[in-house]
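Engineer: Spelled out, the chains give:
Protein chains: 2
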Amino acid sequence: MPLASWNNGPAKQAILDFVHATTDPSSKEFVPPEERIATFDQDGTLWVEQPIYTQVVYCLDRVPAAVKAKPELAGVEPFKTVLSGDFEKIAKFSLADFEAIAVATLTGMSTEDFEADVKAWIASAKDHRWERPYTELTYQPMQEVLSFLRANGYKTYIVTGGGQDFVRVYADGLYGVPPEQVVGSALGVTFGYDKDGRPFLTKEPKLLLNDNNAGKPESIHLMIGRRPRAAFGNSTGDRQMLEYTKSGDGARLAMLVLHDDSKREYAYGPAQGLPESKVGTFTQDLYDEAKKDGWTVISMKDDWKRILAFE
Amino acid sequence: MPLASWNNGPAKQAILDFVHATTDPSSKEFVPPEERIATFDQDGTLWVEQPIYTQVVYCLDRVPAAVKAKPELAGVEPFKTVLSGDFEKIAKFSLADFEAIAVATLTGMSTEDFEADVKAWIASAKDHRWERPYTELTYQPMQEVLSFLRANGYKTYIVTGGGQDFVRVYADGLYGVPPEQVVGSALGVTFGYDKDGRPFLTKEPKLLLNDNNAGKPESIHLMIGRRPRAAFGNSTGDRQMLEYTKSGDGARLAMLVLHDDSKREYAYGPAQGLPESKVGTFTQDLYDEAKKDGWTVISMKDDWKRILAFE
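Sequences listed follow chains X and H, in order.
So that you can map any letter, position 138 of the first sequence is 138 in the numbering used here, and since no number is skipped, the others follow by simple counting.
So that you can map any letter, position 239 of the second sequence is 239 in the numbering used here, and since no number is skipped, the others follow by simple counting.
If you're looking for bench data, these hints aren't it; they were derived computationally from the structure.
Each hint should be verified, as a subset may be incorrect.
Stated by the list, open to error - Straight-line C-alpha distance at most 30 Å; calculated DSS-like pairs for lysine-lysine:
1. K28(X) - K119(H)
2. K246(X) - K292(X)
3. K28(H) - K119(X)
4. K195(X) - K291(H)
5. K292(H) - K195(X)
6. K195(H) - K246(X)
7. K119(X) - K246(H)
8. K28(H) - K195(X)
Bound conformation, chain X alone:
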């Protein structure tokens, strides 16, 4: 049975109906296999994003190595605070602070060195609530949607505000999504030669794609070149991707994960009176737009029998 971790209800039914309508050759809304494109936001849609994005944890963890390589950073903010381990102060960092940390920890190295480092980190780092590798914090019901769509000829893409190079390292193993199907925020790279004349690419402190809000459909056009048939998100950053998807002709599926289960995961909005969040904002007007335009809101509390596979 597909979608085993989903309770029966309108959300599960919307997925089943959409797949039936677009893959049954006798359906008026049949979609040829090559046009079956489904896009998924990552943080908060495929895995836990609270209390802090996993990639931000990576960057903070990498500060000591960055300071070792450039000792002059040790006495400079925001690096000084990161090294002090004062989490209350870190939580209050400005966007400029986080940008400085991103530049120090995500740029200046070869793409291959970066990949190797993320690979080692993701294999060993653990979150603080469950004390498990981050790759175990994926939502079992969404894993089932990925599999179910692929089993029905859909090509599944991740379209994330997170770093494309970062997510590509583990997306294949974790989600079955290969690197070429990960679309994310991207820094430019520069081609050059090492001392032996071997070419390599260096990660540069230059934002090429900002894959949030309008940047999502813009990057979908650049990287995929087709309007998705189905899209999944959980925050205002996914609004334009869902609008772009839903406004195409024929059957389209637009879904939003609402984090309303404070016991099994986290509860935040501020849609539906849930507490406001700095990470992954789901506003009431996004909720209202979903209801008005025929998107489906997934209640984690009511629609998901199980949230995390290890529960």
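Since the structure of chain X is provided, determine the placement of chain H on it from the hints.
Structural biologist: Just chain H now, with coordinates in the frame of chain X:
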């Protein structure tokens, strides 16, 4: 028999050997299917690029429509010359002239309107030498390479200095390469809403990716995220893509098409004493690098039994 339009010789043998080495499970150089990536330049590698790139013909053909929409362009260069039909003068246009024409004919419309227009044009326009649709000016031997690689589990990509949005319109029908596997020079697009609130994307006069020279491996990283196992080009603009491909570990195939058949197609270099060309330069030092680093040069004259399918 694969590669039926190829004469027996080192070029054909290089392709057969590479595919055998990377797909035979008992081979020491076996490559898992998901890593089988092959990239192809388009102009001069998959189809004829002389005497003028097809996309430039499109832009020139679109000038009257652009002038109709913006009548003030009629009296301004370079549009005035294009409207006069003075081909000798057009042939002497500067890069700035061509940029002005590109901005006028490739930007300001929705991505959907642009696609529809290219689709109509490519179905009706004909070249001046053979009086045939441009889509018939594809090299039969290269079509066989595309098919042969795909039949052996390779994912084939186009990596072109031409416009990504332009090539995507016909690449699936002509080469069997779907939009998401066409990487090319790209203008930015901007997300917005029409008067009915329906979202659409507008093509902007802002160059996001320049897919020539170092831009090719840089875009391969952005769009594919894997180093190709095989790459095919025909000019100095493909040099870095071939270097990047060939310098990976294990079996790698790097091939350059040399246009040395003035009778059946065109002959230009200046490698090997062939005449210099404004379009698709193949220098002697590129030829020397190929010989030194184990790339394979394809002689159209000697290696290809047939060049164009309609011959």
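Engineer: Could you tell me which of the numbered hints above are not met by this structure, giving the numbers in increasing order?
Structural biologist: none
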